[in-house]
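**Student:** Residue numbers (this note's numbering), protein chains in the order written: chain L, 77 to 484; chain G, 493 to 1023.
Honestly, the hints are just simulated from the structure, not real lab data. This one's a predicted model, so the numbers in the text were calculated from it and none came from an experiment. Hints are not guaranteed to be accurate.
To give an idea of the chain G side of the interface with chain L (calculated C-beta under 7 Å), a few residues [claimed, not checked]:
1) Gly537
2) Val560
3) Gly663
4) Gly666
5) Leu687
6) Gly717
In silico lysine to aspartate or glutamate, DMTMM-like type, Cα no more than 25 Å apart, as pairs [as the list claims (entries may be wrong)]:
7) L/Lys361 <-> G/Glu724
8) G/Lys844 <-> L/Glu208
9) L/Lys100 <-> G/Glu920
Glycine included, C-beta positions come from ideal geometry on N, C-alpha and C.
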Amino acid sequence: MAHEDRAFYDQLADRGVSRRDFLKFCGSVAAMIGLSETMVPTIAAAVEKAASSGLYPAVWVNGGACTGCTESAAQATNPDIASIVLDILSMNYIETVMMATGHDADKALIETANSDQPFVMIYEGSVMTGLEGHTLRVAGKPSLEILEDIGSKAAAVIAVGSCAVDGGWVRSVPSVGAENIPTNPDEWATGVSQYFAAKGIDTPVVNVPTCPVNPEWIVALVIDTVVLGGIDENGKVTDAFVKKLDAQGRPSLIFGQTIHDNCPRRGHFENGEFVYQFGSAEEAKGYCLYPVGCKGPQTYTNCPIVRWNNQASWCVESGSPCIGCGDFNWVDQNAPFLGRFRRVGLGTGNAGSGFNPAVVGAAAGGVVVGALAVHGVGMKAAGRIGEGPATEPMKDYDRKRAAKGGDK
Amino acid sequence: MSESTGKRFEIDPVTRIEGHLRVECTVDADGKIDDAWVSGGLFRGMELVMQGRQPADAFYISQRICGVCPISHGHASTMSAESALGVTIPNGARLVRNLIEAAEFLHSHILWFYTLAALDYVDPSKAIEADIADTHALAEAAGTSGANFKAVRDKVDALIKSDQHSIFTNGWMGHPGYAQDMPAELHLIGVAHYLEALEMQAEASRVIAVMGGKFPHFMTSIPGGTSWMPTEEKLDDVLFRLKRVRDWVYSTMIPDTLAIAPFYKDALTYGAGTGNFLAWGVFNNEDLQMENRYLPSGVVMADQGLTLQAADPDKVTEHIEHSWFEGTSGQKPSVGTTVPPTKFPGYDVNDKYSWAKAPRYDGKAMEVGPLARMIVGYLNDVTPVKNIIDSTLTALGAPGKPEVLVSLLGRVAARNLEAAVVADWSLEWVTELIGAVKAGPVEFFEPITADTGKGAGLWEAPRGALGHWMNVDGGVISNYQVCTPSTWDLSPQGPGNDQDRGPMEQALIGTPIIDVERPIEAARIVRSFDP
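Here chain L stands alone, though its shape is the one from the complex:
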């Protein structure tokens, strides 16, 4: 092992990350960026090499954000966020963490964007279009100006979190019909790719939804773009990288399957073993959360596999139904969150607006609804599940089983 490699692993060890942890992490990265397991040593070597050579310039800009995606990034573990910002990226601007403040912070952003070196921009939060951009003011001006200026110079924008992808929950404010709020959601909040399309900015955008974003995905994408050459030395995103994205600009290996597809509780769904009441014996047994509103069947992310907070758990494992935070227009699409799956496929939301993810999401959701309907018919024939209202009562089958003391 070369001297610098040892230094790399020593530093990881200081932060509690063993070589084994790191290689496991590289394996998870391989799966997310479309490389086989045999490529793990190559990924590890590339990361080691990147860590011992110059840092790749990057900026992290917050739009209409809660800072939850930065917070989430700070929960990355193997390697941790310190390894990313000290060994791989030169994160010259990141409001929540950077040492500089005020004008000197702003200067760091502008200098990075205006230098000859290509840089990556990570964007968190909704693109705040309301009141001509004055619903978000940064450095004495509407932050839209920053997005346009810096975004148009970046090699690529990684839009992290559902807000940056399509406006997130903020995009749902207009649907309420409140006083002085525009009725067209595009005039209140939107996503980076829609905004760029409207402004004719052709910087490639990678969309990474969920609320907040899962840090494992950010790290995988950083490695794929700046370490493994997804962005070439001229600062151009390669065709090979673009091919890994789906029609909505999402990495298809991360967002290609539903939560339901990979859910550890799937067996209970197949067996008709459901939770109808929180705090019940069925909940204690870890049964399927579909009747209490789980949106796993329509939500395309690999959460059950990567899980959250260094694999400590994830939503469904904690006994909560998935609320579909990775869906497009997720709040209007999925609330009421504890209501059983009834608005999907109806095309609610923002039909007619530019990029119109709701229709795409609804179309994809429609297929799943169809599949579930067919599945439900079969189960009804078997006497195990009926057509239910939004929150349906317990079924006879479950009541009898509960009366017998439940499953032993």
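Put chain G on the given structure of chain L with help from the hints.
**Tutor:** Showing chain G alone in chain L's frame:
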């Protein structure tokens, strides 16, 4: 106060905080701030998006107010639904919520002291001059934990001397406002623990993930109780992680605080703010009453000295004379409105200059946060609070004088002392819950049957008093208002204009500034509120 020089500076964006903030100040001939305006830069419409949705939806959506304190928003929201619809949660759910909230407090306080604030007191360009053997000796003498100081020094040294400075780019290294007599070795200890803290804040977050699915934005404290059903195995996991965090707070964070504080003792003499304090209280006892919480509710008014009054939510009003909102000023949150203008009126410190409203209690601007909670707890004779504050006052050379805490340094210290107190309690709660689960079936959820009512969830985020007000009509939300801790602390001027400044504005006034181009002292005041 000497005459104003008209010298003016602004910090925009204020970094190392949650959210978007601008601070503008003028400086007098003595180099002290003589006026200040604090401007919140973002309006998204959180209170509006709740209208017409179901009460439980607010638990999920309202967490998106703040990615650093989503747990507290979730809890305040779910409590407002329970208060509106008349549900009392079972004891098991109370313990689970206390634990999740405690984990967030630990996460947030560690993150604040190290990741957000430390670089205002610890200078990486001094740290690289440290002698390694001396650093180890100093760490031992200060009673703080060791680290691979050499690796950290070499890493930071290489970064500073390279052409890419990453997160240190354009930082105010070498600023004369850093304590000039603080040894390089203590700077290095600070930088090493700054990096180590990343793992400890993440460990505290993992406690939330185990009990709540993920962090930020957790899933389980729904109205009625919790959807998390603990097993002994999961609780052992929680206990192990909490012990690890608790031990680190005692072995590293508290000794670091006590080691660095003496070099910034001048910070005991400014940054006091309003001297008015408000706490709604946090961490429920079995009776779920706010005045009986582990950290109880209470009010302290500057004109009454350090004496305690009961906190009355009915005395809260929100004002918009200097905010960009339209509508009626001075409404109570239970009937409040949030209406943006149809055209942006412009930024003008003499008129409207913020997206934050100006909340007032009994007409007064109030400071909220760990300092408010620690003072209220101290006056309430909460034993662990009293003990740790008394011993810290002795260490700072001011025994029996809690009033010195009303300062910049006091605000910083209060947060770290609170972390120690909460860490100890968290171990009690998890032990109690393990005992209950071993003893037999524990209730975690009480279904809600009512569909109409008005309620409030009054609670604390790590950064201070938090209120959610919810009206429910026929099963859907008919009005929703939130008063966040940042709204209290970052309040613009109220109806009394320049005689009625917000707490951070008042704390800034009087702060000495060495260099108006690089006002590190003002940044310290701003960050001390954990905005």
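**Student:** For this structure, which hints from the list above don't hold up?
**Tutor:** 4 and 9
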